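Go by the hints and put chain U onto chain R.
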Amino acid sequence: MTASTFSKPVNKMAPLGLKNRSGRTRKSGREGYKVNWWLTALMLVASLTVLLPLYFTVAMALKSPDQIGTGTGLAWPNPMNWDNFAAAYVATNFPVAFMSTAFVTVFSVLGSLACSSLVAYAIARNWNRRFFRGSFVYLLSAMFIPFPVIILPLIKQTALLGLDNPGGVVFLHVLGGISFNTLLYIAFVRSIPVELEESARLDGATTWQVFRKIIFPLLAPMNATVGIFAFLGSWNDFLLPQMMIADPALQTLPVVQMLFQGEFNTNYSLAFASYLMAMAPTLVVYILAQRWVLSGVMRGAVK
Amino acid sequence: MSATPLSRRALFKAAGLAGAAAVLPLAGCGSVPSGSGPSSQNGVSTLRFMQNKPEVVAYFNQVIKDFEALNPDIRVIQDFNEGNFVPGLVRNDPPDVVTRGFAQATADYVRKGVFADLSDLPAASTIDPKIQDLVSSWGQYNGHETSALPFSLAAAGVIYRRDIFEAQGVSVPKTWDEFVAACEKFKAAGITPIYGTFKDNWTLGQGMFDYVAGGALDIADFFARLTAKGAAISADAAESFTSNFGPALPKMLELASFSQKGAASKNYADGNAAFAKGQAAMYLQGPWALSQLVAANKNVRLGSFPLPVTNNPADTKVRVNVDMALSITRNTPNMAAARRFVSYLLDPSVVNAYNEKNAAFSPLKEAPAVENPQITGLAASVREGRYYQGATTYFPPSVPLYNYVQAFVYGKNSQQFLSALDDEWRRVAERTAV
Chain R
1 MTASTFSKPV
11 NKMAPLGLKN
21 RSGRTRKSGR
31 EGYKVNWWLT
41 ALMLVASLTV
51 LLPLYFTVAM
61 ALKSPDQIGT
71 GTGLAWPNPM
81 NWDNFAAAYV
91 ATNFPVAFMS
101 TAFVTVFSVL
111 GSLACSSLVA
121 YAIARNWNRR
131 FFRGSFVYLL
141 SAMFIPFPVI
151 ILPLIKQTAL
161 LGLDNPGGVV
171 FLHVLGGISF
181 NTLLYIAFVR
191 SIPVELEESA
201 RLDGATTWQV
211 FRKIIFPLLA
221 PMNATVGIFA
231 FLGSWNDFLL
241 PQMMIADPAL
251 QTLPVVQMLF
261 QGEFNTNYSL
271 AFASYLMAMA
281 PTLVVYILAQ
291 RWVLSGVMRG
301 AVK
Chain U
1001 MSATPLSRRA
1011 LFKAAGLAGA
1021 AAVLPLAGCG
1031 SVPSGSGPSS
1041 QNGVSTLRFM
1051 QNKPEVVAYF
1061 NQVIKDFEAL
1071 NPDIRVIQDF
1081 NEGNFVPGLV
1091 RNDPPDVVTR
1101 GFAQATADYV
1111 RKGVFADLSD
1121 LPAASTIDPK
1131 IQDLVSSWGQ
1141 YNGHETSALP
1151 FSLAAAGVIY
1161 RRDIFEAQGV
1171 SVPKTWDEFV
1181 AACEKFKAAG
1191 ITPIYGTFKD
1201 NWTLGQGMFD
1211 YVAGGALDIA
1221 DFFARLTAKG
1231 AAISADAAES
1241 FTSNFGPALP
1251 KMLELASFSQ
1261 KGAASKNYAD
1271 GNAAFAKGQA
1281 AMYLQGPWAL
1291 SQLVAANKNV
1301 RLGSFPLPVT
1311 NNPADTKVRV
1321 NVDMALSITR
1331 NTPNMAAARR
1341 FVSYLLDPSV
1351 VNAYNEKNAA
1361 FSPLKEAPAV
1371 ENPQITGLAA
1381 SVREGRYYQG
1391 ATTYFPPSVP
1401 LYNYVQAFVY
1411 GKNSQQFLSA
1421 LDDEWRRVAE
1431 RTAV
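Here the protein sequences come in this chain order: R and U. Using this note's numbering, you'd call the opening residue of the first sequence number 1 and step up by one each time. Using this note's numbering, you'd call the opening residue of the second sequence number 1001 and step up by one each time.
Next comes chain U alone, as it looks inside the complex:
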């Protein structure tokens, strides 16, 4: 053996020892506050706040700083690692305050009583009951508890380029026929009417499928009847997908036909870049895409409108989802501090500022008018309560719904698509029947 590898080995040894020496005390200090049990030192209690949107971590750091300045006896640690929520429950040391997007998966926790009842929190009465209903529609613990208070409501419609609409002299369509006419006009002018990103099948699911279904029928009512029917569902029953969705589906194919050539090979990121550069007039995406579009093109002027699916303007509804809802875990040792933090977050100045900044709608009864021009077009529908939660959100994750939607858009066989959904729903109902 020559001298070189020996000295290298010595080098590694030294580096390893140095690294170990530097880290050991760090790990030692860090592990002190992480133990379970009431975490309070010198009268300062420490809250763990698990937040479900990594892109607003910096925003919440500022919110937390403001909160701590007003409440010197509480320290808040933000955690965006949502994957640690279930492990937290398993080790009986979950985060104290949790925000989650509300749909099927979160409803599971609610029904199992993971979260504490917040109905007696003064802030609970300031929330628009209709938006609170969106949360409770997924089920309530003991049939009446308020397990989560909505913090942010995202409304999704058609994002459009104001400059292209103005240049072509097209105004925001109020009916389906107007919408089709607008698409034809863009097409005649050589502009792609709608940018399609069919490669990412979720964009088809939350986009055209949810919009067409939600605009054409009463989604909440449909799924309530479907669930009540249970495993007895068959394709020709009055409650089936086949009986209800059939008439609306051709509109999906019409929307798909207005997409650019090669939409099947474009994904969400491609779509954001292309749409920001003006390669199409409209984009079937929710407010989450807005920040990406602006990042790709600072000067882009965007607006949104709810997709009209019928020819009666009064039918037009917008797809919403409770993007963030605040919950406190039931067994937290810091209940009082957690309730103070949640109350602070639901203070009008905090919750309204967050939603204005992030192109979303405040859930408060007395929310100020939305000023962000990117979403003002959706404000009337939200204010009047003309909204629905997307049909895709009602499906359990075990149904590969997005794949079915994609297969339908490619294969155009609505019969096959709907009977597949009926079969899937029946199988899930059979499995989960009590």
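The following block holds chain R by itself, in its conformation from the complex:
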């Protein structure tokens, strides 16, 4: 609809351009029906970068140890060795490690969404005050500190505070994400017209109600972006839980999976079976949230 309203005056004003215009529209109209084989071929090749490793993972997870060394690795195992999953499940004590990882992930995501959006709202709406501008720079400057540099002091501090457990990992995930997530949120909060808030305030809403009822729902696309970053970051995180969680019984999946990788020995089939099980939730979340992921990535691209 918008296209036609825009093109009409152009056609009237410049009859010379008419041929040109209509030629273009016809071309683009045809493209909608015709398959672009070049692009499709490119897409197929690109999709291999995801599908091929996934195929290897599945095939490897179903191989017995003596099938691993044979052939190119592309061959589908015959017979399939389903026992790998059971063995990996028992060896990693999967349910406990899974729940621990899920605990860390769920609260990291919720914490990141809540904390970062609140911080961003406060800063964006008080930009005229020096304290808030300064705190924004302060938060951003955290992005310049490489994590490994501060890990040992952090371990000491969390131990003193009794946070050498998955709870501490959640705390640090939320804290570590604040600078980047706030950066994302602030740009987005600024694009929300202040008039929306003013109208709510005229109706007697408090600041909290304005945030809860108006701002936060409007942040939905950015929430998706931040949530996805936080989910992937905490679900796959290795270093922090490895160093931070003192009790081996509460260790998360990525760390527990090290079991299959000795210094000189790697149990590939069990390792891949276990990776596949650990990957499943990520895949499920992706399939359910696919649309948000794509739109979220685009929103995140323009800060």
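Careful, some of the hints might be misleading.
Covered by chain U, per the in silico footprint, the following chain R stretches (three or more residues, Cβ under 8 Å) [stated by the list, open to error]: (1) 177–190; (2) 258–264.
Some residues of chain R that are not near chain U, with every Cβ distance over 12 Å (derived) [said to hold, decoys possible]: (3) 80; (4) 137; (5) 149.
Bear in mind the hints are in silico, worked out from the structure with no lab data behind them. Note that the structure is predicted; figures quoted are calculated from it, not measured. Even glycine gets a Cβ: it sits at the ideal position worked out from N, Cα and C.
Chain U only, in chain R's frame:
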């Protein structure tokens, strides 16, 4: 907004809440025993046992079960996450009992007094003093303490395919010339003599470099003299790499020339698969590769022999490393229980069974003869004490030694290789000089 995303959101909300509800009590219970301080409840003390080999976790679970049955007042939790050792020290809550492979890095902890003195443990006197010396050679706290008791000694030599040796009528070589003759014979028969995995440069370092250096000179003595010389080392000094390693290096290149074509693009995992399938007669690897080889081919018949580097059979030595040594952290609140657990692990029935099962050598004075045919060929050398710790293990991690070894094998420039080692050693000595 349509109805679908809303219901999806509700779904997530429900899933998140359910997950949180299910996990919270779990985290709550779990955090109770993890606090520091003497962990004992109802008279049962809990030990944390950090073990450095993920592949034997299941084995130790059984050992722990047996131990707990005999000692109902002690509970042992096994942890294989070695990366948590330093954080444990930082938060002043390290594991009570630790096993570690012994080399430069572990020696650092010893010298800083992280581990308790175990010399008065009755089990300490049952250990072969020569193997105990391997541990103390890395330095002792206060100059005399016994910070670690060896539990498992890994001996590395040349792994060979018994079937190929028999088919070609080759017997295990006792001298360098015999070894070269055997390689020539395999080559003439169209069999690759040695499978090379040069892409993984550590296999060159712990393999041909350590074997040739260890077979040709007295490694411990060399490094003692080198360390004594300190930062004053130069290439023409009598203690330098250039003066000592030079004559042995051509043998490394000879070994490399017996490898298959394209060895530069093969890594350790490729080597295990190919060697298990019979693509070469010999493989310069330690006992850690044996389980991988058997996993790739159940019927493979393997043996090992120490690589002879001179023509005097009496010179032949085998490369060893203390694969696991038991230590107790100095500040553990459960010292008595930890000592009982270590004593149990060093009980002949436990320690000997572990080593027999895992193709390693027991550190006890009265160890039974090794029966595993994969390593019987190394037993005589180990029993007679003809062994050395690999030259690579003496280097601090800041020296990219394996890269130098790889560059030497590819570029064949021994002069450059040795002067690089001399320079690196001098730089480290200058940095660490007190």
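Hint numbers contradicted by this structure: Structure breaks hint 1 only.
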